[in-house]
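Novice: From just these sequences and the hints, can you work out the full model?
Top line first, the protein sequences correspond to chains R and B.
At position 112 of the first sequence the residue is numbered 112 (my numbering), and the sequence of numbers has no breaks.
At position 48 of the second sequence the residue is numbered 48 (my numbering), and the sequence of numbers has no breaks.
Keep in mind that the hints were calculated from the coordinates and are not lab data.
Being a predicted model, the structure only gives us computed values, none of them experimental.
Possibly wrong hints are sitting among the right ones.
Claimed, not checked - Restraint ranges, calculated between C-beta atoms of paired labels, are given here:
no., chain 1, residue 1, chain 2, residue 2, range
1, R, Gly3, B, Thr105, 23 to 33 angstroms
2, R, Leu39, B, His75, 41 to 51 angstroms
3, B, Asp18, R, Asp62, 39 to 49 angstroms
4, R, Asp30, B, Gly40, 21 to 31 angstroms
5, B, Gln80, R, Gly98, 27 to 37 angstroms
6, R, Thr14, B, Lys51, 27 to 37 angstroms
7, B, Gln58, R, Leu96, 19 to 29 angstroms
For each residue, glycine too, the CB sits at the ideal point set by N, CA and C.
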Amino acid sequence: DAGVTQSPTHLIKTRGQQVTLRCSPKSGHDTVSWYQQALGQGPQFIFQYYEEEERQRGNFPDRFSGHQFPNYSSELNVNALLLGDSALYLCASSFLAGPTGELFFGEGSRLTVL
Amino acid sequence: GQQVMQIPQYQHVQEGEDFTTYCNSSTTLSNIQWYKQRPGGHPVFLIQLVKSGEVKKQKRLTFQFGEAKKNSSLHITATQTTDVGTYFCAGVNNDMRFGAGTRLTVKP
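Specialist: Written out as structure tokens, the structure reads:
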């Protein structure tokens with residue numbers, strides 16, 4: 001039973017560029033949440049997708065957008081990258097939307113913006 | 001909005017000593033979750049507390065949820081080197097907010 005898988009694991013971009021990160025949830029899960037974790041900080045909630053729609057959103061600008069596909073996988077897109085976007089981006093899957101369920105995290109995608 | 005504060009930020013202990021991390025929310029929570037993140041790893045779910053005053057144990061780990069459902073603690077008895085990592089609480093209300101974590105190092 002595959003857990004949460006994310007790609008790519010590492011990437012380097014320059015300011016102003018755009019990036020797409022991908023996530024496949026744990027088998028049987030239908031909800032995907034994205035988190036940004038800066039070095040030495042806790043994960044910060046970006047948004048949650050369920051039934052191919054954004055259900056909840058944290059305090060992140062519109063440069064951060066996402067998508068969920070019919071097979072429950074998800075993408076996180078960040079436009080006009082800033083140096084401050086450098087972080088570990090974590091995808092977490094759960095069963096059913098909402099904040100109450102146990103989250104299963106992937107290994108993350110480490111983004112460096114130069 | 002809801003804020004979750006966690007102290008201490010760092011804790012260094014000798015193997016065999018006890019360790020406690022505290023979590024405080026600015027608002028009443030519906031439940032609280034605890035996660036552990038090993039160095040270079042990803043957060044892994046440890047437990048969820050739902051009831052006021054709830055206490056749960058997992059071997060050497062004891063988790064408590066305050067009577068007012070605004071604070072929680074994680075206590076590790078007789079730490080081992082395998083306990084090394086960062087422990088996060090996540091307060092759940094309308095959304096889930098993680099604390100900044102307590103980084104535990106254990107000297108053999």
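Novice: Does each hint hold? Answer for all of them.
Specialist: Outcome of the hint check:
1. R:Gly3 <-> B:Thr105: 23 to 33 angstroms: 27 angstroms, holds
2. R:Leu39 <-> B:His75: 41 to 51 angstroms: For His75 of chain B against Leu39 of chain R, whose Cβ atoms are near 27 angstroms apart, the range 41 to 51 angstroms is violated.
3. B:Asp18 <-> R:Asp62: 39 to 49 angstroms: Distance hint for Asp18 of chain B, Asp62 of chain R holds at roughly 46 angstroms.
4. R:Asp30 <-> B:Gly40: 21 to 31 angstroms: With Cβ atoms ~29 angstroms apart, the hint holds.
5. B:Gln80 <-> R:Gly98: 27 to 37 angstroms: Once the Cβ atoms are compared, 35 angstroms apart, the range 27 to 37 angstroms for Gly98 of chain R and Gln80 of chain B holds.
6. R:Thr14 <-> B:Lys51: 27 to 37 angstroms: At 50 angstroms between Cβs, range violated.
7. B:Gln58 <-> R:Leu96: 19 to 29 angstroms: Distance hint for Gln58 of chain B, Leu96 of chain R holds at roughly 25 angstroms.
This entry does not satisfy hints 2, 6, going by the numbered hints stated previously.
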